[in-house]
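Trainee: Using the hints provided, position chain B relative to the given structure of chain A.
Residue-level listing of the chains:
2 protein chains.
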Amino acid sequence: MDTNKLIQNAINSVSKQLHNYQTSTDPKLQKKASILSYWLDDYMRMLKKKETFNPRKLKRYKRGEIVKVHLGYNIGNEEGGLHYAIVLTKNDSKNSPIITIIPLSSVKANKPIHPYNVFLGDTIFQQLKGKWEIHHDLIDQELTSQTQEVDSLRELISSKTEAELLEDHADIDKRIHELNASIAYLSKLSSRRDKISNEILKMKTGSIALVNQITTISKIRIYNPLHSNDVLGNVKVSNEILDAIDDKIRELYIGK
Amino acid sequence: MDTNKLIQNAINSVSKQLHNYQTSTDPKLQKKASILSYWLDDYMRMLKKKETFNPRKLKRYKRGEIVKVHLGYNIGNEEGGLHYAIVLTKNDSKNSPIITIIPLSSVKANKPIHPYNVFLGDTIFQQLKGKWEIHHDLIDQELTSQTQEVDSLRELISSKTEAELLEDHADIDKRIHELNASIAYLSKLSSRRDKISNEILKMKTGSIALVNQITTISKIRIYNPLHSNDVLGNVKVSNEILDAIDDKIRELYIGK
Chain A
1155 MDTNKLIQNA INSVSKQLHN YQTSTDPKLQ KKASILSYWL DDYMRMLKKK ETFNPRKLKR
1215 YKRGEIVKVH LGYNIGNEEG GLHYAIVLTK NDSKNSPIIT IIPLSSVKAN KPIHPYNVFL
1275 GDTIFQQLKG KWEIHHDLID QELTSQTQEV DSLRELISSK TEAELLEDHA DIDKRIHELN
1335 ASIAYLSKLS SRRDKISNEI LKMKTGSIAL VNQITTISKI RIYNPLHSND VLGNVKVSNE
1395 ILDAIDDKIR ELYIGK
Chain B
1155 MDTNKLIQNA INSVSKQLHN YQTSTDPKLQ KKASILSYWL DDYMRMLKKK ETFNPRKLKR
1215 YKRGEIVKVH LGYNIGNEEG GLHYAIVLTK NDSKNSPIIT IIPLSSVKAN KPIHPYNVFL
1275 GDTIFQQLKG KWEIHHDLID QELTSQTQEV DSLRELISSK TEAELLEDHA DIDKRIHELN
1335 ASIAYLSKLS SRRDKISNEI LKMKTGSIAL VNQITTISKI RIYNPLHSND VLGNVKVSNE
1395 ILDAIDDKIR ELYIGK
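Protein sequence lines, in the order shown, are assigned to chains A and B. In terms of this note's numbering, the first sequence is residues 1155 to 1410. In terms of this note's numbering, the second sequence is residues 1155 to 1410.
This is chain A alone, in the form it adopts within the complex (with noise of 0.2 Å):
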């Protein structure tokens, strides 16, 4: 067949199927209409972005580290869509292009905890909250400090004649060059505040980590953290949790 065939036939299956869903009248079909529709566009995206895709861009990630990937809209009963995971890799290299995770779930209540997932608790929620807390102190450690400088700007000014102010002028403009970076400062602050609280928000709290979906993906899957300094940056879970996942894995797969 030419190609242009190829390509008329592909696009003639993916609106078949998603028109399919969309005038389902079963309403869980209907939803994964805009579900499929969206990740064809963040597929297309990232196929896109592998020609110029350098991972030596990303941080290094470490294993137990928590990342927010999206594993697509999936075959069958394979994990889909956006979700928190753990890194799995040990030697995990700024060259490479992939790595291996364990994707997490939330607890659904009063269902019982599969054998194959290990639970969590509400680790990833508490240390968004601890980060949180440490920007929600910075920042009011900033503005105070802001406050006292400006109160003390304005009264050294007040207190001066035009002729000292004009002797002194360039201690003043370094003070007030000071006062500008402090608010850049700030703001960036109580942005990363603001991304962790979103982050915070929607989520559950009460994880399990689905040890029998362990996948490898391209990097490319990372949504966050990509560098130290993002909301998940150096968000891990225990070594104790890190064990039990080592025992699982162990039980699953290993022959002896």
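The set of hints was computed from the structure by calculation and includes no laboratory data. Each hint should be verified, as a subset may be incorrect.
Claimed, not checked - The calculated lysine-lysine pairs, modelled on DSBU-like cross-linking and capped at a C-alpha distance of 35 Å, are:
| no. | chain 1 | residue 1 | chain 2 | residue 2 |
| --- | --- | --- | --- | --- |
| 1 | A | 1410 | B | 1216 |
| 2 | A | 1410 | B | 1265 |
| 3 | B | 1402 | A | 1213 |
| 4 | A | 1358 | A | 1203 |
| 5 | B | 1202 | A | 1186 |
| 6 | B | 1170 | A | 1349 |
| 7 | A | 1285 | A | 1213 |
Computed from a predicted model, the values in this text were never measured in an experiment.
Mentor: Using the frame of chain A, we list chain B on its own:
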């Protein structure tokens, strides 16, 4: 955004990406137009199949068995396409819709084996060759006994009078019936032998297990074997290879 717009947007993205590949000056990217088109068609078929898919109709897969799976057209450096793979799941159940595997790849000439890989030698090739030889011998035996039976029947019929033949006709009918069954059996054997030949002919000797590409897939992605008597049924790697894979998993993913 309403669903119609989302769907149109998705179809536009897909169409744009396919045409970008098609009109690329890089022959490698040009080829991707066909590969991605084929995959989108398979992908939609697999999504549709999910509605009726029943893993209980498939065989129960054992650790170390070889399966042929479609990993899809994947993002970045994720392993993609139709691949042999080793089943890693220790306790597969016929109820389970997913399975964890390690994709295989063929050894590239003049390229050293990456430390993330385990060399398998030509074990799959040799096992399929063994299967082919068994089928070949069975066909040989069946053909010989068929020829003998045809000769014997012909002799019997020509040595008898019409009256005698009428008397013996129940016995002769039975032997002709058995001959027909044997012809059907021969045709089945020879079709199976041909499938095995086709598999062998497509195969490159010398495989490696890409342990750093471990992944969990829906059983919908399995092309072969679906049942024990399919071409790849009961083809598996040795315990020594499984031990080497165990070691590699420990090295790459297990804490201590």
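Trainee: With reference to the structure, classify each hint as holding or not holding.
Mentor: Going down the list of hints, with the structure as the test:
no.: 1; hint: A/1410 x B/1216; in the structure: holds, 15 Å
no.: 2; hint: A/1410 x B/1265; in the structure: holds, 32 Å
no.: 3; hint: B/1402 x A/1213; in the structure: holds, 25 Å
no.: 4; hint: A/1358 x A/1203; in the structure: holds, 31 Å
no.: 5; hint: B/1202 x A/1186; in the structure: holds, 12 Å
no.: 6; hint: B/1170 x A/1349; in the structure: holds, 33 Å
no.: 7; hint: A/1285 x A/1213; in the structure: holds, 19 Å
Going down the numbered hints, you'll see the structure goes against none, and every one checks out.
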